[in-house]
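Undergrad: Below, each chain spelled out in residue letters.
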Amino acid sequence: MSMEDYDFLFKIVLIGNAGVGKTCLVRRFTQGLFPPGQGATIGVDFMIKTVEINGEKVKLQIWDTAGQERFRSITQSYYRSANALILTYDITCEESFRCLPEWLREIEQYASNKVITVLVGNKIDLAERREVSQQRAEEFSEAQDMYYLETSAKESDNVEKLFLDLACRLISEARQNTLVNNVSSPLPGEGKSISYLTCCNFN
Amino acid sequence: MGTKMADLDSPQKLSGVSLPEGMGGGRCSEISTELIRSLTELQELEAVYERLCGEEKVVERELDALLEQQNTIESKMVTLHRMGPNLQLIEGDAKQLAGMITFTCNLAENVSSKVRQLDLAKNRLYQAIQRADDILDLKFCMDGVQTALRNEDYEQAAAHIHRYLCLDKSVIELSRQGKEGSMIDANLKLLQEAEQRLKAIVTEKFAIATKEGDLPQVERFFKIFPLLGLHEEGLSKFSEYLCKQVASKAEENLLLVLGTDMSDRRAAVIFADTLTLLFEGIARIVETHQPIVETYYGPGRLYTLIKYLQVECDRQVEKVVDKFIKQRDYHQQFRHVQNSLMRNSTTEKIEPRELDPILTEVTLMNARSELYLRFLRKRISSDFEVGDSMVSEEVKQEHQKSLDKLLNNCLLSCTMQELIGFYITMEEYFMRETVNKAVALDTYEKGQLTSSMVDDVFYIVKKCIGRALSSSSIDCLCAMINLATTELESDFRDVLCNKLRMGFPATTLQDIQRGVTSAVNIMHSSLQQGKFDTKGIESTDEAKLSFLSDCTKLFSQGIGGEQAQAKFDSCLSDLAAVSNKFRDLLQEGLTELNSTAIKPQVQPWINTFLSVSHNIEEEEFNDYEANDPWVQQFILNLEQQMAEFKASLSPVIYDSLTGLMTSLVAVELERVVLKSTFNRLGGLQFDKELRSLIAYLTTVTTWTIRDKFARLSQMATILNLERVTEILDYWGANSGPLTWRLTPAEVRQVLALRIDFRSEDIKRLRL
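Quick note, the sequences are listed as chains R and L, same order.
Counting from 1, one number per residue, gives the positions in the first sequence under UniProt numbering.
Counting from 1, one number per residue, gives the positions in the second sequence under UniProt numbering.
If you're looking for bench data, these hints aren't it; they were derived computationally from the structure.
If you're wondering where the values come from, they're calculated on a predicted model, not measured in any experiment.
It cannot be assumed that every hint is accurate.
Stated by the list, open to error - Covered stretches of chain R, going by a simulated chain L footprint (3 or more residues, C-beta under 8 Å):
id : segment
1  : 44 to 50
2  : 78 to 92
As the list claims (entries may be wrong) - Distance windows between CB atoms, simulated:
id : chain 1 : residue 1 : chain 2 : residue 2 : range
3  : R       : Gln38     : L       : Glu418    : 32 to 38 Å
4  : L       : Arg374    : R       : Ala18     : 50 to 56 Å
5  : R       : Asp145    : L       : Ala710    : 50 to 56 Å
6  : L       : Asp707    : R       : Tyr6      : 51 to 57 Å
7  : R       : Pro101    : L       : Gln601    : 57 to 63 Å
8  : L       : Arg377    : R       : Arg70     : 17 to 23 Å
9  : L       : Gly466    : R       : Gln38     : 30 to 36 Å
10 : R       : Glu139    : L       : Lys323    : 38 to 44 Å
11 : R       : Glu128    : L       : Gly466    : 51 to 57 Å
12 : L       : Asp655    : R       : Ile48     : 36 to 42 Å
13 : L       : Gly298    : R       : Gln38     : 50 to 56 Å
14 : R       : Glu128    : L       : Arg374    : 40 to 46 Å
15 : L       : His162    : R       : Thr50     : 56 to 62 Å
A virtual CB, placed ideally from N, CA and C, is assigned to each residue, including glycine.
Take these sequences, add in the hints, and give me the full structure.
TA: What follows is the structure, encoded as structure tokens:
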């Protein structure tokens, strides 16, 4: 792995109800596309995009999960190794917002306690059909101590910002983490130490 | 005076200056009359005069030059005059030519318009012939259909109708307007009636044939539908017939299942077998009837047929799966497992072994479904491909999309995804509980390097991942790899950590050793399990390899393509990374072992160095030669101690441990050396001792230990010096290949150990 050309590697997992636009967000960010009539995701999809932030190459491994209930046991298995979770809902769908606490319980149960969670309200291009006000979502995310952003995969609003801001935060967290980790020096043969946030310390 | 002169001069000058202006010679003096008039000073006037004279000369020169050209111009004029008559001739010729061209052009246009007319006439003639042919055909069809229908030769009749349907509608319209309009009208009506009749007959006969299960008749009429333009109807009716066959066969099979004796050899996978039979039946139908569909309905129609068949397939799958869920208590078991997975559940836990058969059966069911869906995908894709060779990219994508939609959204896919969803949770439970059991039943047999749970745990993990792999679902496999990573990285690692901690408080060395070595070995083999490029070959490693080759096989079958490969690679590399965590743990354990088990033993042995005087005379030095005072005994002790470890540790771990031990020896020895005093011979003695020690340690480790003993060797060098200043032969610019590991302060400190060196000399040294 040390042979590969990047300074950081992060895993980002998108979760949220079916049909809120997770796949579209990922497609928009990784390929610049908005494929209309996207079928439901099956299991998990996997995309990679390398971005440069302040001269550092950051490889983002983006796992796009299926929102449908029957894939839950598959998607849950990806939580633990995720550095960041993007919890997505649809601003024109009250139901998708109301399910958020359930998703947070899942995160609590399966994800690493160091995971960064971002709440994303998608489909702001359909403002006239909005069912969840921005204020409500902001209050909710504040109470849960989450970063909140509204996006439109269709109009490409805030999509870059979402991923790049997240990458920045992951980098700074990783930096802090490596400082802690440097106490126990890496062993020979490990090569260049790639900063995984999930590194746990032996004590 | 000056002014007077100027006044006198000015009128002359004026005329002189104005002259060229009057001639219109293009060149005008720079000096204006006004300027001259305004001049009053003689000097200025003179200057102006001078300049005017200069200008006059220039003008004269120019005039001369112009006059010189006169001759040339004149001769040119003569030539021009001579050319006059020639020009008139040319004008006449040109007019003639223009006339000819116009004529030719008209001629050409005349000819081409005739050709065009001919061409048009020819085309019309062709059309007329075509139409005459069509009308003849139409007549032929009209007559033919009647006779064919009378003779019950439906194929012939359908062929006639097909011909009629293929005719240009405008032709029919036109022929109505002709002389025999009314007759043709009547005939057309007959033909249309015949068409309707034929349609009705074919539908009816087809229905009878399907009811009677008369396959040749079914196929006979199935072939007629497309001739009548009833592709969709033909396919739908035919698939109705096929579906009925599928359904009756499936019902038969399901009844057989319900009657199966539990002791039957295949009882444990009877539902997977039933699904297999269903899929095989449909596949056989597709296989048999694809040629007919292709030949009589054209390419690209297989999709429609399979779409209809899949509906029946879904219906049958639902029945089988329902029975499976009921008979195997699948949902019940799942809920039970779910409850047990809650950390603080009080319900009685399911015995993981009981889940074994059902887990195997579910994966088998899914594998069969995947195989079947892959078969359909391949068939439909290639059928589309044949038809799509000429169409636009959009149509192709449209076809691909409808294919994806059919296969992804069919009830079969959804049902299997649901079953696999439950399976993963149950398999996770199975893995976790079985690992717990293996840990609880951990035994250590004397002579073995590892205790039983090492192999057991990895056997279990391998089994679970292997089973997930056998489901042929890449998402299922990845999920199980993820869960295995979690299990090893958190739960099993915790177990090892606890073992390590428990290993140390034991009182006797033997106990420590046993506790630690088993734990350490566990980790060591774990390490090998996770690593791809491990050098040591153990069974777990082979398992990994076979596992990888299985996966490769899966990919060679083309499941999921590149995307799936990337997903799988990522998950697997996470699993492999677990080995690093275990390696960290192993290192922790060894460090701990070194400091708690080895250090307390080694320290006193090294401390005895202090009781051996290194402030010695020739006689004692010789005596030491014969009766070694310290190092031989120390080596012997070390050897004995390490031998015990060697017996119970795997070679790689033993090697790491000796590495730690040599570092410990180096550090401890340095400590006691700094506490001793030496004279010249004592230094020599120490040098000898150090050499034997290094020689011994080199034989027991594969690590290079020179580096670890570099500081001590340099200390020995210093203690061996003749004089204080001799150090300068080795220091700084004179150090040559030697890299000093000692700081100047340390060098002074070591020099001070020599009682025969004066401290002033040492202080005076410039290092």
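Undergrad: Now tell me, hint by hint, if it's right for this structure.
TA: Now for the hints, and whether the structure bears them out:
no.	hint	verdict
1	44 to 50	holds (count 4)
2	78 to 92	holds (count 3)
3	Gln38(R) - Glu418(L): 32 to 38 Å	22 Å, violated
4	Arg374(L) - Ala18(R): 50 to 56 Å	25 Å, violated
5	Asp145(R) - Ala710(L): 50 to 56 Å	53 Å, holds
6	Asp707(L) - Tyr6(R): 51 to 57 Å	33 Å, violated
7	Pro101(R) - Gln601(L): 57 to 63 Å	59 Å, holds
8	Arg377(L) - Arg70(R): 17 to 23 Å	21 Å, holds
9	Gly466(L) - Gln38(R): 30 to 36 Å	34 Å, holds
10	Glu139(R) - Lys323(L): 38 to 44 Å	50 Å, violated
11	Glu128(R) - Gly466(L): 51 to 57 Å	53 Å, holds
12	Asp655(L) - Ile48(R): 36 to 42 Å	39 Å, holds
13	Gly298(L) - Gln38(R): 50 to 56 Å	31 Å, violated
14	Glu128(R) - Arg374(L): 40 to 46 Å	44 Å, holds
15	His162(L) - Thr50(R): 56 to 62 Å	60 Å, holds
Going down the numbered hints, you'll see the structure goes against 3, 4, 6, 10, 13, while the others check out.
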